[in-house]
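**Student:** Sequences and hints are given; from them, build the entire structure.
Okay, here's what each chain looks like letter by letter:
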Amino acid sequence: MDGHQRRANLAFALKLGLAAFAMFGFAYALVPLYDVFCQATGLNGRTGQTKAISAPSVVDARWVTVEFNGDVMPGLPWRFEPRLHKLRAHPGQATTAWYRVKNLADRPLGGRAVPSVTPPLAARYFAKLECFCFSRQRLNAGEEREMPVTFIISRDLPAEVSTLTLSYAFFPSETTTLVRGEKP
Amino acid sequence: MTTADLALHGSPHAPPRGLMRWLTTTNHKDIGTMYLVFSLVMFFVGGAMILLVRAELFQPGMQMMQPELFNQLIGVHALVMIFMALMPAATGFANWMIPLMIGAPDMALPRLNNWSFWLLPPAAALLLMPFALALFGVGSGAIATGWTFYAPLSVQDGMGLDFAILAIHLLGISSVMGSINIVVTVFNLRAPGMTFMKLPLFVWGWLITAFMLIAVIPVLAGAVTMLLTDRHFGTHFFNAAGGGDPILFQHLFWFFGHPEVYIVLFPVWGLTPHILSAFARKPVYGYRAQVYAFWVIGILSVIVWGHHIMTSGMSTGALLYFMYSTMSISLPLSVLFFCWIATIWRGAMTFEAPMLFALGMIVLFGIGGLTGLVLADAAADAQYHHSYFVVAHFHYTLFAGGIMGIMAGVYFWLPKMTGHMIDEILAKWHFWLTAIAFNLTFLPQFFVGLAGMPRRVPDYALQFAEFNMLSSIGAFVLGAAQLLFLIVVVKCIRGGPPAPAKVWEGAEGLEWTVPSPPPHHTFQTRPVIGE
Ligand code: HEM
Ligand SMILES: [Cu+2]
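Note that the protein sequences, when read in sequence, are chains A and B. Counting in the working numbering, the first sequence runs from 1 upward without gaps. Counting in the working numbering, the second sequence runs from 185 upward without gaps.
Just so you know, the hints here were simulated from the structure itself, not pulled from any lab data. Heads up, some of the hints might be wrong.
Going by beta-carbon spacing under 10 Å, a handful of chain B positions derived as facing chain A [as the list claims (entries may be wrong)]:
{"no.": "1", "residue": "296"}
{"no.": "2", "residue": "298"}
{"no.": "3", "residue": "397"}
{"no.": "4", "residue": "412"}
{"no.": "5", "residue": "440"}
{"no.": "6", "residue": "464"}
{"no.": "7", "residue": "498"}
{"no.": "8", "residue": "525"}
{"no.": "9", "residue": "526"}
Derived list of chain B stretches under chain A, where covered just means 3 residues or more per stretch with a C-beta under 8 Å from a C-beta of chain A [what the hints assert, rightly or not]:
{"no.": "10", "stretch": "355-367"}
{"no.": "11", "stretch": "431-439"}
Fair warning: this is a prediction, and the values are worked out from it, not measured in the lab. Glycine is no exception: its CB is placed at the ideal position from the N, C-alpha and C atoms.
**Tutor:** Here you go:
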């Protein structure tokens with residue numbers, strides 16, 4: 001191989017290497033793209049950016065059943081449950097529901113509730129105006145608390161959806177994740 | 185030394201002897217050999233692991249091992265077989281054959297080639313080390329999430345997962361470097377007169393594999409890097425508590441994972457027509473159609489990944505999209521099948537071992553493709569996902585399509601590499617035992633899968649007992665049959681009837697114009713390809 005050929009080979013290899021690096025970056029670019037995609041389409045039960053909720057004063061006559069669910073993830077010794085398991089609401093009307101949470105441990109602990117709405121395609125018609133999931137919750141040892149969530153269902157909710165489920169999973173917010181085999 | 189001698193033996197200085205020769209070699213044939221030997225060793229390592237699994241599954245109930253070990257064995261088995269047996273075997277062939285087929289003196293970047301190979305043994309050590317560490321009470325064993333690394337399980341798994349991530353990084357760097365080398369070689373070092381549309385199909389198959397590897401391996405590397413930072417550095421890519429999303433991991437993984445299944449098969453699809461045409465004594469049928477089919481499959485492969493996660497709660501629209509796009513891949517795939525059959529149609533066929541393996545590959549891989557179509561049906565997949573049906577499907581594609589295809593290539597090219605003919609009788613025994621035992625192992629898995637047996641669980645309901653017993657017996661025969669393969673290969677390396685330059689009378693191509701075994705350096709003077 002003469003020097004000219006060798007240089008041509010190296011230059012081409014370098015370009016291909018750059019392409020590989022770009023694809024590595026693309027993997028990271030997919031993270032925000034994926035979020036944007038899910039929020040734009042409401043896929044995956046995301047409620048983040050709720051699509052044009054019509055003025056609250058105009059209320060639909062139909063009833064929609066809203067069911068509530070609450071789970072605590074491993075590593076957080078809390079009791080967490082909705083006060084009411086379901087209620088009926090009119091689309092367009094702000095409604096408040098309550099959850100009850102108690103820290104069973106003998107030390108203060110922090111947690112964060114992650115919401116999701118099913119059916120996933122209806123998630124974008126469900127807007128939370130105020131929610132305990134907007135911020136981290138911190139409970140003292142043995143403390144018990146009632147926490148509100150105020151929501152409004154869009155009047156654009158498709159007619160075939162008559163029941164929505166709002167579910168929360170409470171995660172420990174101290175970042176130490178439990179590793180297999182480790183004592184909590 | 186005469187000029188003729190020089191042309192044959194190339195540079196007058198001989199390679200260093202002993203270990204240093206292999207550590208420092210930049211010769212494409214030496215490196216190809218190392219890849220193939222490494223692959224063979226790992227094939228047996230991965231096989232031994234899964235025989236332990238099949239022994240556990242021989243009967244319902246837990247007999248031999250804890251579920252933790254079971255989980256580790258299935259995942260490491262898959263990683264070993266895909267990344268350290270199938271892929272290196274294909275790369276070994278690429279190193280040996282591509283320069284010979286396109287009339288190049290060596291690969292374009294010989295030193296890079298050496299590095300690509302020597303990353304593999306450390307990767308294997310990293311992946312397997314946690315098993316040994318656990319014996320000494322360090323850590324909880326190897327990666328236990330299955331080969332797919334799904335979060336959030338993988339965020340919580342023990343340190344074996346970190347080892348696996350590092351192994352994946354080394355393997356990824358190795359295959360990206362290897363691919364870059366192949367692309368540059370094919371683009372820059374073709375013999376004068378060898379246009380792209382005259383490239384042998386094996387080279388075409390590898391060229392597209394190389395492009396796909398450069399495109400998707402870095403995405404896998406990105407995904408496992410995110411996993412690593414989630415585990416140790418407080419990021420929240422896949423952690424819902426921090427605003428991340430576990431499903432995102434599945435998308436990233438399968439964006440790599442689906443193209444990966446074609447990556448391991450393209451080299452086989454490339455070498456199959458060579459074998460068919462040699463033993464049917466007819467030219468390859470539909471050369472252009474096959475090249476175009478390769479391109480179409482390569483491009484489609486990066487837009488269908490969702491068929492692996494149809495039960496993750498996608499919208500109906502997304503399901504339909506992934507269903508139809510997946511099914512559409514079977515069209516170019518059928519073009520390949522059609523061309524293979526047309527190549528042997530009314531040929532003067534003989535059935536030497538390479539031909540038997542190639543034909544067996546076509547039939548059994550056909551079953552794999554057809555059952556893939558069943559799984560691609562979004563409605564059916566809701567039922568069959570994560571069942572043994574999927575396990576059977578991907579073994580018909582990866583074992584029958586991949587491993588048996590590679591074995592066809594080994595029997596086809598080994599005489600060229602060693603200068604000795606293979607032991608036909610043993611090789612035929614190897615084929616028939618493999619084909620029968622393979623079906624005995626995996627055919628029952630379709631049925632238990634349809635009946636609802638989930639994969640990746642060490643125990644099962646009693647009604648699956650008979651079929652699992654059959655499957656385990658098949659697996660042990662299949663494993664034993666591979667010892668025959670080892671014997672044939674070792675015998676062929678050590679001796680046997682001398683092989684002529686043109687080992688098989690019907691074979692065509694530049695690689696058959698050099699002596700068997702080829703001298704250390706070939707095509708120092710470039711051949712010129714005529715019309
Ligand atoms: C027409 C061709 C094919 C179709 C339509 C197809 C379709 C599918 C579908 C829908 C699944 C997901 C099943 C599930 O998890 O529920 C699947 C799984 C799989 N397929 Fe295929 N497939 C095809 C060919 C191939 C080929 C050629 C290979 C490999 C060489 C392959 C390897 C795999 C593997 C490894 C899995 C399972 C991965 C895992 O979950 O661990 N398939 N296939
Ligand atoms: Cu796939």
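**Student:** Each hint should be assessed against the structure and marked as holding or not.
**Tutor:** Verification of the hints:
The restraint placing residue 296/B at the interface with chain A holds, with a minimum CB-CB distance near 7 Å, inside the 10 Å limit. About 14 Å separates the beta-carbon of residue 298/B from the nearest beta-carbon of chain A, more than 10 Å, and the hint is not met. Here the hint on residue 397/B is kept, as its CB sits about 9 Å from the closest CB of chain A, short of 10 Å. Among the interface hints, the one on residue 412/B is violated; its C-beta lies about 13 Å from the nearest C-beta in chain A, farther than the 10 Å criterion.
Interface restraint check for residue 440/B: the shortest CB-CB distance to chain A comes to about 9 Å, inside 10 Å, so the restraint holds. Given hint, residue 464/B at the interface with chain A, is violated; its Cβ is 37 Å from that chain's nearest Cβ, farther than 10 Å. Because the beta carbon of residue 498/B sits about 7 Å from the nearest beta carbon in chain A, less than 10 Å, this interface hint is met. The restraint placing residue 525/B at the interface with chain A is violated, with a minimum CB-CB distance near 36 Å, outside the 10 Å limit.
Below 10 Å, beta-carbon pairs count as interface contacts, and residue 526/B has none with chain A, the closest being about 35 Å; its hint is therefore violated. A stretch counts as covered by a chain when three or more of its residues have a beta carbon under 8 Å from one of that chain; for the stretch 355-367 of chain B and chain A the count is 5, and the coverage holds. Coverage of the stretch 431-439 of chain B by chain A holds. Counting CB-CB distances below 8 Å, 5 residues qualify, and the rule asks for three or more.
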